[in-house]
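One-letter residues, chain by chain:
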Amino acid sequence: MLSQESLQQIDREIAKYPPDQKQSAVMAALRIAQVEKGWLPKELIEFVASYLGMPAIAAYEVASFYNMYDLEPVGRHKITVCTNLPCALSGGVHAADYLKKKLGIDFNETTPDGKFTLKEGECMGACGDAPVLLVNNHHMCSWMTTEKIDQILAELEDK
Amino acid sequence: MLEIEIDGKQVTVEDGSTIMDAATKIGAFVPHFCYHKKLSIAASCRMCLVQVEKAPKPLPACATPVTNGMKVWTRSEQAVKAQKGVMEFLLINHPLDCPICDQGGECQLQDLAVGYGGSQSRYEEEKRVVLNKNLGPLVSTDMTRCINCTRCVRFTTEIAGQMELGQAFRGEHAEIMPFVEKTVDSELSGNIIDLCPVGALTSKPFRFSARTWELARRRSVSPHDSLGSNLIVQVKHDVVKRVLPFENEDINECWLSDKDRFSYEGLNGEDRLTVPMLKQDGVWKDADWQTALEFAANGLRKTAKQNGPDSIGALASPHATVEELYLLQKFTRAIGSDSVDFRLRQSDFRADGFREGAPWLGMPINEVADLNRLLVIGSFLRKDTPLLAQRVRQAAKRGLHVSAVNASAEEWQLPVKNRVLAAPSSIVPVLLQVVAALAAEKGATVAEHLSAAMPSSVSDDARSIAQSLASGRKVAVWLGNLAVQSEYASEIQQLAEEIARLTDGVFGVIGEAANSVGGYLAKAIPLVGGLNARQMLEQPRKAYLLLNAEPDLDFANPALAQSVLEAAPLVIALSAFKSASLLAAADVLLPIAPFTETSGTFVNCEGRAQNFNAVARPVGDTRPGWKVLRVLGNLFDFEGFDQNDSEAVAAEALAEGNRPDLGNRLYGLEFKFAGQAVAGFERVSDVPIYAADTLVRRATSLQKTRDAKAPLARASAATLAAVGVESGARVRLRQGQGLAEVQIVADDSVAANCVRVAAANAATAALGAMCGEISVERV
Amino acid sequence: MSGSGLILAGVDGDRTWALQDYVARGGYSALRKVISEKIAPETIIAELKASSLRGRGGAGFPTGLKWSFMPRSFPGAKYLACNSDEGEPGTFKDRDILRYNPHTVIEGMTIAAYAMGCERGYNYIHGEIFEVYERFEAALAEARSAGLLGQNILGSDFSFELFAHHGYGAYICGEETALLESIEGKKGQPRFKPPFPASYGLYGKPTTINNTETFASVPFILNMGGEGFLNLGKPNNGGTKLFSVSGHVNRPGNYEVAMGTPFAELLEMAGGMRAGRKLKAVIPGGSSAPVLPGSVMMDCTMDYDSISKAGSMLGSGAVIVMDETTCMVKALERLSYFYFEESCGQCTPCREGTGWLYRVVHRIENGLGRKEDLDLLNSVTGNIMGRTICALGDAASMPVQSFVKHFGSEFEYHIENKKCLVPPEVQYEGSQIYVRP
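Protein sequences appear in the order of chains A, B and C. Here numbering that gives the first Met the number 0 is used: position 22 in the first sequence is 21, and no number is missing along the way. Here numbering that gives the first Met the number 0 is used: position 108 in the second sequence is 107, and no number is missing along the way. Here numbering that gives the first Met the number 0 is used: position 297 in the third sequence is 296, and no number is missing along the way.
Here chain A stands alone, though its shape is the one from the complex (with noise of 0.2 Å):
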């Protein structure tokens, strides 16, 4: 279900922990897989779960606790954009509102042609940076201006 490269990086994950606490690489086997296939269906949940030994509801149950795991397909290049308070002072909603009009979306929609998903974000502790966004879960983008965010755009238009 998932790539050796995948699976090998899990068990790197798991090395870090005592032998016989392999759940504790769940979070990180999650994120591993959901890089690998673009979100977590409920089979590769259940993959996660029985690769490390634990029960799949337990694994279920993390991979809807925290919000980065996607259990909903997204596009090929997901923007999460901070608009809470301190964010919120230094433009984050005005930012957010130029990538729903550039994109045509709203929060947690995807564009018709599927490459892009926009996703309305918690604190990221990057206030200092505001506005900032959050490509594809990984990759943070300090000081937005709408210029930025065009360049940002149009690097991923072609990723």
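Hints in this document: simulated from the structure, not taken from any laboratory. Only a predicted model underlies this, so the values are computations on that prediction, with no experimental measurement involved.
Examples of chain B residues toward chain C, derived with CB under 7 Å:
| # | residue |
| --- | --- |
| 1 | Ala42 |
| 2 | Ser43 |
| 3 | Cys44 |
| 4 | Arg45 |
| 5 | Lys56 |
| 6 | Ala62 |
| 7 | Ala81 |
| 8 | Gly84 |
| 9 | Val85 |
| 10 | Leu89 |
| 11 | Ile91 |
| 12 | Arg169 |
| 13 | Gly170 |
| 14 | Glu171 |
| 15 | Ala173 |
Reference listing, derived: stretches of chain C covered by chain A, where coverage requires no fewer than 3 residues with Cβ under 8 Å from a Cβ of chain A:
| # | region |
| --- | --- |
| 16 | 121-132 |
| 17 | 165-172 |
| 18 | 177-188 |
| 19 | 249-263 |
| 20 | 424-432 |
Don't be surprised by glycine CBs; every beta carbon is placed ideally from N, CA and C.
Go by the hints and put chains B and C onto chain A.
Below, chains B and C alone, put in the same frame as chain A:
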């Protein structure tokens, strides 16, 4: 010990107690939802907040440890304000749909809302709606009512041993669910209905059929497994509507297995026998009792006269009551035959005549918690005795090491430290190795009658088991149903006894049915040269009395039982049900009451006689079985058939001096293991959990569970490969003359070169004996 | 960036995070000293106590005291955890420490492990700063290959294994027992205490959890002595501290200053108010801390005692600055949504109450408020505070109570006039995308 003052009352509690423990001790009620004495502490509902001296804020009674000199107020202004605050939060998103809720009248939320809730809601926002989940045929959901106490989640994880439910998502969106599209398949699942403090989880079979206050509550005892769980049977207009646990800490605690809880649905099934019936010229006709009984009596008289009383045999189910079994053997013996037996699924009776007494668990059930080493031999422990397995599971958490020698390593949902997987014919050799290793480990001498059989070498697995047992402080060795039903039951028993002796442990028999001990105590076995259950079929009798048993499903060799009984000139069947097999085999059908319509007694595996009364009037012309047998005795003018009530029968049956004692030892039986490896494949038989007795087989909802739909045949992937079939293929099984065509699946928990075939199933009934050689062919 | 203070002193943005740069700044000298001189664990803990270092994650618990709670002679594993799950709105200091000076955290944790006899540790890093997690992994690899981490550290018989564990989007994991649950591979739902982590922590074993900045301070304390560190700040408020300044200032960012520095000075360092607008309100310790009117704040110094006296908390040192263009109802609405969204769902008052609070504030903001709503908000927060397993219930309640307390008239205006006192166009202008000069 710690001193604590609660609401002005002093109480002394043990170290480590919580405020809730202390409050319970003085009888102070602290409102709660998530707290449950048998589950881990969640402290999440916050309903049990109480005021504690010097604490700046109210503390949860369930989770706060008592400290010496602590002062607590459970009803002070601060405490009640906190409790009322929590109640308001619990109610804001609750639908308050009590009028259409099945929990109405027995709802903890409803009850506590009366005391702690406001008369009007301050919450005027939109309420939460949660989608329902399909948990299977037994538990119904209304998840919008859920208050997220997580008792059900903790139950599946901690008591049933497998996390089948979780609390997914978070915050206000948190919801209780199984893994996407999975059902809750535990054999203990019904307990989550009792645990649910609201109407989120209710009984699917019971749903909308009655209000709690319309039901009469009557105590009873489960007629299924050897535990004898205590029941509250709820009845409306003489119809059983629901079964709940009656709490008995020594037996079932506050739990019930699904079999105990939902089997009542079989009581009023379509094939319930409600009038006596006679077969005349191959045609069944209803009859009145007098006609039917006279027909039966005349038939027996004639048979005894023509062929001698020895030509009459009596076969009874181990699910029959002590009273029924006692009067059956008394009647049979009064006729002049010693051929009576209730051990229908057993095939090795060589130990008869050497027994110390009635085989039993060897220990009280509630002492399982104290064990620290346990060897289970030949058992489907979890499915055969779900609540005994549950006790072992809890003990394992406290350090009990479990070892198993088994023909099928099915998942018990508890840690098994050492496990030997062996074909039924290899269990004895494995146990011999364990005995040898144990003797070496302990520096002890093996009992004389076994010394000649000691193996020259010992496998590592057998040594591991021996080492585990040798290091035990409190050891038990238990025989399960597969061991008792084995062709080598007496050797297995001798070796188990020796293992227990070498470890100063207890040797016990788990027992196949509700009255496996009671049958011995009632003397429903041959005592003076009569035939046992197997012999009665192998040496066909002219007439049979059949009590509460179905020929095609309740015997060690159903094919033989069916053909012999069909061929017998006279079969008098006392039964609560009529089935095709009974209609084909019997000549007289006498409708006797199931456990709900008669008084009676079961003696459970720990030797505890538990009597119960009828909870409903008998259906139609049904009569209690003990009365029918008494009247039969009267028709013969036999002495000693004049008991006025079942208590008198039980008192006579269980009177000291009249009954044997409990005892597992075998005196003077030579150890003659002539076993040799079976040439082809060997049959391993389980009696599936919802096929074990006449009542549960008719329980419609249980028959829709995954356990009821389990594959009929399974074998290891290697075995399948050797046969050349894929998992899931249909195969032809052959045992001597017997044939069956079933689906087979790969299951590596089955011992090598074995095929596990479900017994007590119409599709496999034609095969023959539950053990022995079996062949598998592609279809 | 070029930092001042201790932790950020000499660091130069992304360019100087590596081991060689840290060593050039004097890094790992404290660990070397501890190991080569075989300094007794009690001595280290005594230095910590003398330094008056208080937990930098928000609760401000004395670190030396916390370390002394770990059972000395516990047979079996003991664990150390670093809380880098920084997700409290306004707080972004740990991110800078980890990406610009990760080795100071590694060194601090290793010394802590030595002092408390822990064989294994985990640094739990906020999921949204995944690049920082990757950098920390790289720093760990450097430290391991240099013999500064792992088995037989610096050739001694002391061993300590340290790993990075990432979150994936849950504020609650910043609560220390939720963080432990999360490392165990579960939902981040806080545990009821007692038992405390020092007796029943990760995998049920004794565990100490400290914030990133707390660990990062440890090498400096050992180098300059507890007394020296204390003297940088003021009594009971030892050392320097990172303050994350965000909102309506000209230079949002982290400023490491001595404890006790006047707020006015900090505001000045952050470039003063944006566009010369007037200071309206400050949340001085992260979004969970009660808001204070600007005028009150201007009289405070940045330390635990002063802020507490003014009716709020220093918390994590996250200073959210709001000017006169801010609608306080809207500001509270966003914060209340945050707590509603981040409640773990475990215990009743928070699971049910945070949604109730948000919906009422949302109604007021949208012109559907009722007269009795302010009393209702106070009553509901009263029923949440002090009734929950963890502090999130309090954290959700304190903003509501303090916003209503200090800016009640603005809420009343909203309810009566179904609109804001601050004209929409002024609000719009004030929250524009801020382009750094």
